[in-house]
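Protein chains: 2
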Amino acid sequence: MQAVLDAGGEAVSRLMAQAELRMAELAAGHGPVLARYAGETIAAGGKRLRPLLVYLAAGVPPPETDALVRAAVAVELVHGATLVHDDVLDGSDLRRGRPTVVATGGRWMATATGDLLFARAFAELAHVSVAAVRVLARASTELARGELMQRRDAWKAEVSVERYLARCRLKTAVLFRAACELGALESASRASLAPFGEGIGLAFQILDDVLDVSGPPERTGKPRGADLLDGTVTLPLIIARSRDPELAALDLRTVRAPDDAARVCERIAATGAPGVARGRAMDLVAEAKSTLPSLPGRQRSALELVADGVVERYA
Amino acid sequence: MQAVLDAGGEAVSRLMAQAELRMAELAAGHGPVLARYAGETIAAGGKRLRPLLVYLAAGVPPPETDALVRAAVAVELVHGATLVHDDVLDGSDLRRGRPTVVATGGRWMATATGDLLFARAFAELAHVSVAAVRVLARASTELARGELMQRRDAWKAEVSVERYLARCRLKTAVLFRAACELGALESASRASLAPFGEGIGLAFQILDDVLDVSGPPERTGKPRGADLLDGTVTLPLIIARSRDPELAALDLRTVRAPDDAARVCERIAATGAPGVARGRAMDLVAEAKSTLPSLPGRQRSALELVADGVVERYA
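One line per chain: the protein sequences are A and B, in this order.
Just so we're aligned, residue 82 is where the first sequence starts under our numbering, counting upward by one.
Just so we're aligned, residue 82 is where the second sequence starts under our numbering, counting upward by one.
Hint data in this document are derived by calculation from the structure and do not stem from the laboratory.
Any given hint could turn out to be false.
You can't tell identical chains apart in this list, so a pair holds if it fits in one copy or across any two.
As the list claims (entries may be wrong) - Restricting the straight-line Cα-Cα distance to at most 20 Å, the calculated cross-link-like pairs of lysine to any residue (SDA-like) are: (1) Lys370 / Gly127; (2) Lys370 / Pro180; (3) Lys370 / Ser382; (4) Lys128 / Arg361; (5) Lys370 / Leu246; (6) Lys128 / Arg215; (7) Lys303 / Lys370; (8) Lys303 / Pro339; (9) Lys128 / Val211; (10) Lys128 / Ala329; (11) Lys237 / Ser210; (12) Lys237 / Arg188; (13) Lys237 / Gln83; (14) Lys370 / Leu292.
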């Protein structure tokens, strides 16, 4: 993402730093116990792709306003909240190579931390606008539906590509979309970047799912095949099942140990499915770029770089 | 609460009906699965004390505006969200005599339902004002802290009255306070009713805790001693421990079966502690009434009736 920061200019770097400061402040402000867990969740937050999108959607250079920083922080907090709640439900021990809140603090701590981060996200937007609240509330509703859909489809190997994509939209793409919408609300032109955000969000999730099958664990921060172990059926498996009858016949509930999962990952990779899925993600990125409205050259380039970055992870 | 509805006049009854309709709409609008569980949560919501407070805090008669209904709905949705998440964490099977979401739908369903209700609450306030969002976001943050504090203090029989009250404030009183603040935001005078809301919220929680020890299960909808079984130390027990050395020596972790809990409840009742705790709640109600600012007579009477109602449950 360094290229994106360069393209965004110094204003973007300053705004990213401000978002970090603000999140650290928020994590620290609600008692020592939550400070630890909320702080860990925020620190483990990864690449800050969503705040970056908020900024770039507002313009290049973006306006250096308090409202824009709060919008960026709000999206990242909702992202953090969903991660913590997902980990509770999955019983995950590791996220990006670090122990999860549920592993270190237990279910109560993780549920409360998620609820707190969620509440703070809306507290931030209370200083922005009701339009911003509307955007994030809608996205949050869909995230909850996505969480549920993933569970309902668990262990169902026969799930369709369409249903898989609908789940990715609810689980992931809506928050990328919200990031773009929130930025656009603070832009001069208010041009809609929602379809762009949704498209790259979908691509992002597909690539995440590809990396779960074929990504190097030392880079992704989690063991390969984690999705298989919790019954999440993703695009690489769906494609591989249509190519390999043995995979098509596999009962996912029999995949229990990390070694089993690693073997199934090898078998999926042998069908070439991860490459096909990655191609699908690249198509989505190209499509997303084509939906960009007329924008100033620097803003367009920066957004295109983010889009490319989404599918170039560990390529 | 019939007396309160009478005091509030027809406008309040119409507004209460509108809140019900709106909540039913919201529950139904997010797919059939969530419709069932969100609907059950909302239906199990009890007396709608918080929406009623929103309305009465706005004036008597209250302005019959869309904004006021949405504010009332938002508070009740946050209340519902916290109940569902609490049930997940407690593993409760029954709430007000009905099976909980976690009992019928499992942890995933309950977590997702809670997250959804929470998101919809803020979506409602996106049609009200940023000030309203600020009020509810602050309350939600404190609710999450309260949830956590309850857990941290679990099984600690030696917890102080002060700490118990601080927990009640975070767990319960802040939402009563928010209801009053939200109503006041839509009132002509904007007079602050926050201390009143907080006071009756505290009293409400204390009375809930009294009823858990001495309330008739057929009225409260849950077995006696539920708090004891999940390690929640409440005012009746704190007071009883200072009066009965055997209770003071009791290791709460040994109270495991409903029969044990019922016996401990008897013993607490024998010390007279529930009556003392109820007295404390009544004092808080009297204090809360004394904080009421200068208000039109009808509004003051209606709010006083609500306050009295809080401690007159099953008296």
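Here's how the hints hold up against the structure:
1. Taking CA atoms no more than 20 Å apart as the test, Lys370 paired with Gly127 passes in neither setting, with 24 Å inside one copy and 50 Å between copies.
2. In this assembly of identical chains, the alpha carbons of Lys370 and Pro180 never lie at most 20 Å apart, being 36 Å within a copy and 49 Å across copies at closest.
3. With identical chains, the CA atoms of Lys370 and Ser382 are at most 20 Å apart within one copy only, with a shortest distance of 10 Å there and 62 Å across copies.
4. For a Cα distance limit of 20 Å, the shortest separation of Lys128 from Arg361 qualifies neither inside one copy, at 23 Å, nor across copies, at 52 Å.
5. Taking CA atoms no more than 20 Å apart as the test, Lys370 paired with Leu246 passes inside one copy only; the shortest distance there is 19 Å, against 55 Å between copies.
6. For the homomeric pair Lys128 and Arg215, neither the shortest alpha-carbon distance inside one copy (25 Å) nor that between copies (28 Å) is at most 20 Å.
7. Taking the shortest alpha-carbon separations for Lys303 and Lys370, neither the intra-copy value of 30 Å nor the inter-copy value of 56 Å comes in at or below 20 Å.
8. Taking the shortest alpha-carbon separations for Lys303 and Pro339, only the intra-copy value of 11 Å comes in at or below 20 Å, while the best inter-copy value is 43 Å.
9. For the identical chains of this complex, Lys128 and Val211 are neighbours neither inside a copy (28 Å) nor across copies (30 Å), given an alpha-carbon limit of 20 Å.
10. When the C-alpha separation of Lys128 and Ala329 is checked against a cutoff of 20 Å, the pair qualifies neither within a copy, at 35 Å, nor between copies, at 52 Å.
11. Proximity of Lys237 and Ser210 under a CA criterion of 20 Å is satisfied in neither setting, with 42 Å inside one chain copy and 43 Å between copies.
12. When the C-alpha separation of Lys237 and Arg188 is checked against a cutoff of 20 Å, the pair qualifies only between copies, where the shortest distance is 19 Å, while the shortest distance within a copy is 26 Å.
13. Within a single copy, Lys237 and Gln83 get their C-alpha atoms no closer than 39 Å, and across copies no closer than 51 Å, so neither meets the 20 Å cut-off.
14. Taking the closest pair of Cα atoms, Lys370 and Leu292 never come within 20 Å of each other, the shortest separation being 23 Å inside a single copy and 61 Å across copies.
Checked against the numbered hints above, the structure violates hints 1, 2, 4, 6, 7, 9, 10, 11, 13 and 14; every other hint is satisfied.
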